[in-house]
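Q: For reference, the chains in residue letters:
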Amino acid sequence: MDFEPSEEQQMLIDQVRRFVREEIIPLEAQLDPDASELDPADHARLVEKTKAMGLFGIDIPKEYGGPDIDIVTRVLLAIEMAQHRAGLYVPCYGTFGGAGLAQIFEANEDQKERYLYPTLRGEKKAFFGLTEPSGGSDPARAIQTKAERRENGWVLNGAKLYISNADRAQYGIVFARTDASKGRAGITCFIIDSDTPGFHVRRVVHTLRSSHYATELEFKDCWVSDHQVLGEVNKGFAVANDRLTRQRIPYAAGCIGVAIAAHEMAIEWAKMRTTFGEKLANRQAVQWMLVDNEIDIRTARHFTLEAAEKARRGLPFKIEASIAKLTASEGGGRVVDRSMQIHGGMGMTKDLPLERWYREMRIRRVGEGPSEVQRMVIAREILGSNLR
Amino acid sequence: MSIRLRLDKPWRPLAADEIARLPGQLGVYQVADAAGAILYIGQAGARAPFGLRSELQREQKERGDGCQFRVEVNQQYRTRWFELLMVHQADHGSLPPDNAKNPPPLGRLSPN
Ligand SMILES: Cc1cc2nc3c(=O)[nH]c(=O)nc-3n(C[C@H](O)[C@H](O)[C@H](O)COP(=O)(O)OP(=O)(O)OC[C@H]3O[C@@H](n4cnc5c(N)ncnc54)[C@H](O)[C@@H]3O)c2cc1C
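Listed in order, the protein sequences are those of chains A and B. Using our numbering, the letters of the first sequence correspond one by one to residues 1 to 388. Using our numbering, the letters of the second sequence correspond one by one to residues 1 to 112.
Because the hints were derived from the structure by calculation, they are not lab data. Keep in mind that this is a model prediction, so the values were computed, not measured. For glycine and all other residues, C-beta sits at the position ideal for the given N, C-alpha and C. Treat the hints with care, as some may be off.
[Stated by the list, open to error] Okay, the calculated bits of chain B under chain A, using three or more residues with CB under 8 Å as the criterion: (1) 44 to 57; (2) 64 to 78; (3) 81 to 95.
This is chain A alone, in the form it adopts within the complex (with noise of 0.2 Å):
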């Protein structure tokens, strides 16, 4: 496969490229380097740009109103959007705009009413709740919280552990036991209000990402109507099972788009620093680092574009979309420490984005599926699904 931009890729790829240089990273150098909001009224002036650009709402299939992009040409634009401080977790702070989450889209009619459609207009925001104290990497087993029917609704009680954005979201995806017997085929998911009564944003989870915190929820004798079941009773797991895979492609081209720039601040570090009466570029131990650094980024980058690919063709991409995600993660992750040891003391300091990207990228090893479980995905794919 060619995965050299077309032209018209290239220009996209320009224009994103030139707005994150010109427009965030100049904003950027004005906030507090562990900040991921911008004044409301920068935020509301760039996203009058990028509508101006068509590319507000890039993620938005087009039926839905979204800009009429591929998802390959999307990974090449996702790149960019990410090279800035804040940009692993909050590319471009959102001026892009955002499709939510990728469940919703399969909500009936009058759930896309009041959620869907709110969210794509940018008027609410969503949480997505599935992993709980007793485990995240496989939720079929690990999930407790149980929803019990009563009064022409269900009754949640339980807990999640590590959710995003909870406590500003509008409503939340929140999955929950509905009969212990079947394992998998015994999980519902629920659209809940944040302002349900029983449901509770109990405290904030301190961890290495400063963009956004992670909370942790309580669910106490929260009653909730048959009209917020999503997708069907006790079939909670086959709501956007392709969507989801699916996210593992811009995510991983979120790493990759931070492991540019921090490479890139790398070579022009190596470039202009002497040690030993000699540039820190002419010593060997320090090309090959660089030399990793671009073969990290490469692979990465091309099974990121390949899975792309595969999905835009409408080919099955569940190992691409794993193997993206793993080379990228990981990939980058070494991208960074490399970089952050060229630039010696000033590689650990506040003053460069090298460090927030060191923190935020360590969260990519586990989130959206650890690395052992996208193996995992891998191994039963090229195995056969008998392994277990």
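We have chain A; now place chain B with the ligand onto it with these hints.
A: Relative to chain A, chain B with the ligand alone:
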């Protein structure tokens, strides 16, 4: 493993000699009036030249005598700052008066 939600250390007078002993580290702080009512919850981020020390020196210069303060050294000063503000809002129904003048975007927390 329990994580302390509220900042409940003893208050110290907001005075030059007390502040001079503070570390130059990142963290969060609270300023209260003489009766212990919290006036402001602040953060010493990476742009503060001497972290908590310079932020509290600025507070003392602006507020004069008669106030009190307490600090927590914390690398995750930003998320901890949001947390303290949300906990204060949940406990008191409003933000401290000097934060309410220019409130940051906050979520909703209902701590136990
Ligand atoms: C900052 C942050 C934000 C998050 N946001 C959300 C969110 O918004 N919504 C949400 O639902 N979750 C969220 N999570 C949770 C995240 O998805 C889980 O942490 C992740 O799925 C792993 O689950 P766990 O932490 O329970 O680890 P466990 O499932 O307990 O696994 C622990 C470790 O065991 C290893 N492991 C697991 N299975 C295998 C295996 N089969 N073979 C070999 N090794 C294995 C892996 O190394 C794994 O890291 C977030 C996490 C973080 C850190």
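Q: If a hint holds in the structure, say so; if it doesn't, say that too.
A: Outcome of the hint check:
| no. | hint | result |
| --- | --- | --- |
| 1 | 44 to 57 | holds (count 3) |
| 2 | 64 to 78 | holds (count 3) |
| 3 | 81 to 95 | holds (count 3) |
Hint violations for this structure: none, all hints satisfied.
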